[in-house]
Structure formats: C-alpha cells, structure tokens
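Q: Whenever a hint applies, use it, and build me the whole structure from the sequences.
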Amino acid sequence: MDYEIVIGLEIHTELKTNSKIFCGCSTKFGSEQNTNVCPVCLGLPGVLPVINEKVVEFAIKAGVALNCEILPFSKFDRKNYYYPDLPKNFQTSQYDLPIAVNGHLDIEVNGETKRINITRIHMEEDAGKLVHSGATISSSDSALVDYNRTGVPLLEIVSEPDIRSAEEARAYLEKVKAILEYLDVSDCKMEEGSLRCDANISLRPHGQAALGTKAEIKNLNSFRSVQRGIEYEVIRQEEILDDGGRVIQETRTWDENKGITASMRSKEQAHDYRYLPEPDLVPIVVDPARVAEIRANLPELPDARRQRLMNDYGLSEYDAGIITSSKAVADYFDQSVQNNGDAKVVANWLMGEVSKHLNSEGITILDCPVSPKQLTELLALIEKGTISNKIAKTVFEEMWTSRKDAEVIVKEKGLVQISDSSEIVAIVESVIAANPQSVADFKAGKDKAIGFLVGQIMKQTKGRANPDMVNTLLRERL
Amino acid sequence: MELFKHTASQLHEKLVAKEISAVELTKAVLGRIDAVDKDVQAYITRTSETALAQAQAVDSKIQRGEKVSVLAGIPGALKDNICTKGIKTTCASKILATFVPPYDATVAEKLAAEDAVILGKANMDEFAMGGSTENSGFFPTHNPWNLETVPGGSSGGSAAAVAAGEAIWALGSDTGGSIRQPAAYCGVVGLKPTYGRVSRYGLVAYASSLDQIGPITRDVTDSAHVMNIISGYDAKDSTSINTGVPDYTKSLVNNIKGLKIGLPKEYFVAGMDAEVERAINKAIEQLVALGAEYKEISMPHTEYALSAYYMIAPAEASSNLARYDGVSFGHRVEGNDIIEMYKKTRSEAFGAEVKRRIMLGTYALSSGYYDAYYLKALKVRTLVKQDFDKAFEQVDVLITPTAPTTAFKLGEKTNDPLAMYLQDVCTIPVNLSGVPAISIPCGFAAGMPIGMQIIGKPLGEETIIRAAYTFEQNNDYHKGFATLGEV
Ligand SMILES: [Zn+2]
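So the protein sequences, as listed, match chains A and B.
All residue numbers for the first sequence refer to the numbering used here, where the first residue is 1 and numbers rise by one.
All residue numbers for the second sequence refer to the numbering used here, where the first residue is 1001 and numbers rise by one.
Simulated from the structure, these hints should not be mistaken for lab results.
The reader is advised that the hints may include incorrect statements.
Just some of the chain A residues that point at chain B, by a computed CB distance under 8 angstroms [unchecked claim]:
no.: 1; residue: Leu44
no.: 2; residue: Val50
no.: 3; residue: Ile51
Even glycine gets a Cβ: it sits at the ideal position worked out from N, Cα and C.
A: Given below as structure tokens:
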C-alpha cells in the first residue's frame, strides 16, 4: 500500500556562548577532559544555577528568526532521570512554558515552497560525555565521565509533524542550520555534535486524518544519516503495515555503519521524567520591547540574502539558493565580489572547483586554503587572457596545496598563455607537417580529426596556447 | 558567670574593652564542649585548631587597635548542611560522610569576612529531614535541658550547642520549622528569615523553594546582629532578594505600642499541650498590657498546609537528592553495573526517613499522580499564602506557639512519622508562604522550655525583632541556662 509519511524533527543545537548556561565555565570544544568544570556544573551539594543572559538572548533571536511567538513569561523545569553523564541526575530544561512557541519555516523542495510549523523552542543544558574503557559499551568494564560539555547551552527546536519525506526533512534541517549560522548563535557543527537531530516518524494511509503510531529515531548526526535513517525507517514501517502488523511506539537508534535503526526502548520502558518547576531559578520575564529590539537588529537571513544575490547580481534562484544555504559560503561569495570578481564567474567557481575540493577533503569553506581575494586574483588572470580557463584549474590546484598566489604560480611555472600568433602559427604548421594522416582524414570530412590536431598543439605548448587562436589558425591552414 | 554563658553582644563588649581575649573565650567554649558534648552530642565535626587560629587573628587586630565587628572572635557553630571549604560537610548522612566541599557557602564567606570563630559543624536530621535530630545518620543529639529528651530538629545540633554553652551562636536552616522548633525545645532564639533574604548558595538543598538559613542565638539582640551579617542579595542565588538590608539592631526597641497582633485560631490544634496554650495566652495578655492591640483571626487553609508541605518538600527533595549516586563524589557501593551501583549506594547510605521522603516525592511527581498530588499541593500553597496576605491586611504580626508541645523523649515518636510531622504544624505554613518568623522562649512546662512564634510580613524582620525584643526585655525566660543535670 502507498502510505503518507509523517515526520516531526527535534533539532538540538549548542549555542556558541563563551560560558556555560548556569555557571562561568568555558564552553570551548576539545579542551583537556574535566578542565572546564566548577562546583556548579559538577552538581556538587549546595550549588545553585544562575542563568547566562546570553543564552536567553540567543534563544529569542532564534525564536524571532523562526517566526515564533516569544512568551513574555517562561520558566525552567527539571527533567529527572538517572544517567552517569548527568551529574545532578536531572537536566534543567523547559517543559510547559518554553521561551518560544508557534513558529514556522518555509522550505523549497523540488521547486515548491512548503511551510513547516514549529511547535516550540526551549533552552536546556547539555550532559557530559562517557568515555568507556573498552571498544564498545558491552565490552567495557568501566567508564569515566568528562564533564566539560555538562552545562553547555542547548536549544531544542521542535517541529510539528508537517514533514512528508526524507528530502523535506533534510531541506528543513539544512534551512534551520543556515538560519542559526546566519544569526551567529551556533556553530552547527554536526561532526562535533553541536547540531543533533531526532526524528519522529509514522505512516498512515493517504486520506486518513489520524496519525499512525510513531517511532522516534535518535542518533541522526549528519545530514546523510537524517536522510538515510528516515528512508530506512519508512521502509521498515511500510513492510510491517503491509504484512498486516502494527508499528510499536518506541525509541530507536540509527546505526550509521549497519545502515539500520534498532530498538532502544519501548513505550513501557520510556522514562517518566517527573518534570518539576526548577525552584532554584526565577521565571524568565521577557519585555516585548526587548523582543522588538532583537527583531529590529536581526542580521540578513538566508531568504533575504538569496533574493539580494538574484536582484543585485542576476544569479539564478537555484545558484543563489545554493550559495546562501551556508552563511560561510555566502560570505565567501560576497567577499569575492567585493574584490571585483564577476558575480556569475565567482558563483560558478564556488559551486564548481571550490566545492569539489572542499568535498573531497571533507572540510568546510571556513577552512578553505584559497582566500576570496586569491580566488578573485586568479579569475582576473583569466579575464585578462593571461591564462586560459583550463590552465586556471591547474593553477587553482597548485594554490590549494601551496597556498601561493595565482600570479606567483603562473610565473614560476611559466603558464602564461601564448597569444602571439606567429608563435602559434609555427607550432600549427609543424603539427600539420607531422600528421599527414589526420590532415587527410579531416579533409575527407572526418571532423573529429581536428580534435586530435588541437590536442597535439596543446601538448607541445603544455596547454598554454590560446585555444581560440589555435582553432582559428589551424582551420585557416587546413 | 562562665564566659560560655554570655551572649555574643556581651562578649563583644568584653573583647573590645580587653577584659578578655578571643583565644581565652574560644578556649572556654572548647573546654565546655570537651566537658559536655559527650552527653549532648551536638557536633559532628570540630575545628578546634582553626578556631583558635581565627581567635588569635582577632586578638591581634584588637591589639593593633583595629575596629572589629560584633561577631569577631565570638565562637559559633554551623549546621552541617552549610558548605565549608576544606571542612567536611556531611548533612549528617553516611552518603556524604567523607565529603569535603571545595568551596564556601556564601554565609560562611560572610562570617569569615567578619572574623567570626567557627567551632565546628553541628548535628542535624539527615539532609534536614526530621524534627528531633534522631534521624542523624551518625548519632542523636540530646536536649541540654533534659538529656532524655530530643533537642528538636532538624537544626537540633545548632540549638543544643547554643543552649548548652557549646557555642555562643549558631546557624541553622529552616524548611518547615527546622530552626524555630529546636530553638523552642532548647529555650533559645531562632529566626527564619523571609525566603530569599539570606543566600542559599552552599546550603545543601532539601526543598529548595522552602529552605532558608537563619540564626540560633541566646537572645534577640544576637539574632539581629547575626542577621545583619548573613542577610543580603547574592548574585550566586537567583532566588535571593535584591533589596537593601536594614540594620536590624535598630529594631531592638522595647516598645510595641500600637502594634497589631493577630492570633490565628486554627493554630491551636487538637493535641496541643495545655501548658503551651496557657503560656501563649499569658504572653498575649502581657503584650497587650505593653500596648499591643490584639485580635483573633482566621486562617482557614491552615489545616491543609501540613499535607501540602509533605508533597512539595519531598517532591523537591526527590530531585535534589538524586545526585547522591556514587558516581563522582560521596559514598559509593560497587555493583555489577551502574544501576546496581546506584541501588546499593543509595540503599546502604540513606537513612529510613530520607528514603521515605524520596519515595513520597517520586510518587507525587509521577505521571498519572502529578495533578492529584503535586499540582494540588501547589494550589494549597497558594491558598495558604493568601491566608497570610489577608491576615496581614489586618495585623502587623501573628503569634502562635512554635510547637504544640515541649521537647519529647528520645525514641518516643521514631516509629510514628505522622506524630513526628505534627510537631511542625505551626511552623510549616510560614515556609509555604515565605514570610519571616522568630521563636523566642516564653515559659516552661515541667522544666522544659516553651517557644512562642512571632510571624511577620514578607521582609518584616524588623517588626518581629522589635516585638520579640520587647517581650524578652519584659521577661526572664531567656536568662535561664540549661543545667545538663548539673547542680
Ligand atoms: Zn561550571
């Protein structure tokens, strides 16, 4: 049977504040274990939390950018459960009065705009990290706890079950990530765990109003795993329903290596979190004037920036969309254009060579060894005719590894394009003389033969001959 | 008169007049502890050496002619749920038997800044849960007025130490009466400040929305002095009140003309000792004779306060005490896996009353029971608060007995938790509504002290101090000294 897929996403993102949510400890990633800790985040007896105002500000920013209503009165609650990475054995979170509610986000999938409603956004603290003695949990006879991450501020963004496919889920997640980056409230590094995602998935026959039984998929730690995890889970549930079975309400975990979801705990085993209003913190009262001020000072967001790139530079909606989907890429683009790069050429290079190299090394544009200035200098050499487009790719390759400027590389390697016609004519003539068979083939109407001759000329000039001139001069002499 | 029988303000006069030295005074109190603590058992941890060093430092200051504060060089005790850097803080629980905090509670810092001498950490009911100090995980404390009876609780060690001359002053904590009830049983003065008046930072939490630190002293004057030192906003405690602290000693005025006092009839419950009731009535007559206006009022939700408290406090406690799991500090019993470690650690190291309240609180917060128990209790709390708001529209202070009876015999109520809980019936509504209250001696029944509770408006400490001081100045109850069986 053909089912409708119903998905809701819970996105957890670490906020990039300097200090933790309830104490003054640093949030720096990668510090030596248990060095960013104090009595408060270690949950020692007698300590009290104090809210980091920056966290509230970032949460309001995210709420406003995601079209939410900011509640004038919200509060923290304790979510009680035992786990050794949680020093107090409760997580301070927000339960029935979160900071932001009733938002939405418009996404584009297959050329169509779709609105995903956002139920709520709340603030909470992160837990620590368990370090097991063995290779796996079951083969370990002990574990140690690193509390550096304990108390790092998190936002949880919960969507309505409005998502209808893995592609939509991915598009939604990518857009939320882009917005958080644009707001500069989170690094959104999925590989460092600063952006994580859980998906609630259920199926129902088309036309049925009632929701089917859902499974919650945890551990979706990359865009790829979000898409694959959802695709797998949909097929799993389809097979159960097609066989006349019933989906069990449970929490499942995505196994990236095996490419499957596996049961973690059933509904019966689900935690009863025994939420309790946090008595050690006072309610968060947000003045509407503060929200208005934050709204007025919001930075340019992806949609606006995409529109600007289309209007100002004539980029296509598609190209502008790709470039603005990451703030860092869009910043790189803007800086290149400000360096007098031609917008369309820059866009092509960004989506072509630059993106190809980044992907093959698995790094982001923030770590790109070629700066926007260096890229525009390279493009200027093409524009001036100093080098061909093809040679430019070789130069770019060299820039990537040596980090030298384009002009230096062109000089060092003698890659300046040959545009002197007498020099080219001499080579053309020698190639014609050396390849009588190809010349005959061409004259017999085999057009392809000219390609071979061009290739020979380029080989002799190490690709430096101006390709347009080679073509013209060769045809003249044939 | 022996030095240890004086009040802090009297001793301060002697110190600055150089009649005595702080070391001499500290040695006198340490000597008293040596002599009587084997019977009273008020202390869990003694810090005699650092106490003498602190006293020595104060003597040097006085020698140099520096001005010193009222508590400088005056030896006192801290309840053992107040964190002290480098000094064991056990909450009288086996689970924290070896816990040494790496930081000081804000009140401990403030006392150190005033050069107060700290003699040690006082016994208490485990995690402040109880009203007799019999729930200490180590040993019970005895009432200095009659060693066969309890000192009250949970700050029983603090109150007994002050009553026995083993400390000139002490700090306790009060969640449902834990300063006032032991002060009443031990014939001393105990003040529970307005919720948020004193920082809770470093007070090991029992029920965070109710806990408050306060002084236990020989008289109202000392109470005002200690309040001056420990009160005030603390950036480390979000629930502390950010308003200025008055000089409470300015309220030590022997005058209550025109003060409107209310007597809530609901506090005179069944089971109240006739002697206690008589003492309170006599005190009211006396206050009226001194110029106060008296009025009987009704606080209709009083009877539900106790039940609400025993939902709210355990609910918070079940969460506050979850951190004692053997993972990163405190007692640990190894297990085959983490769950077994949790279970063994907590089963072995928590006492029966703590377990009872954790279970009660866990149950009250469980899904399916939350609305019927916890949420209902919060609603009752609001109604109790409204009772106080309405009462204070008519009167300035409320007067009640602190406890329905005088100190009872050790072991008498240990098997009857409900009877034990009833001892807090007059003090609990005060915590639920967050207002301040003081317990002062107002008579004796069969040789045991009776306490009178004076309850004030929010931040109305000055008014209750003035009322208490006036009563004290016109009576001698506070001058009697527990005999400990001495002749
Ligand atoms: Zn910290």
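Q: A separate judgement is required for each hint: does it hold in the structure or not?
A: Hint-by-hint comparison with the structure:
no.	hint	in the structure
1	Leu44	holds (7 angstroms)
2	Val50	holds (6 angstroms)
3	Ile51	holds (7 angstroms)
Of the numbered hints stated above, none is contradicted by the structure.
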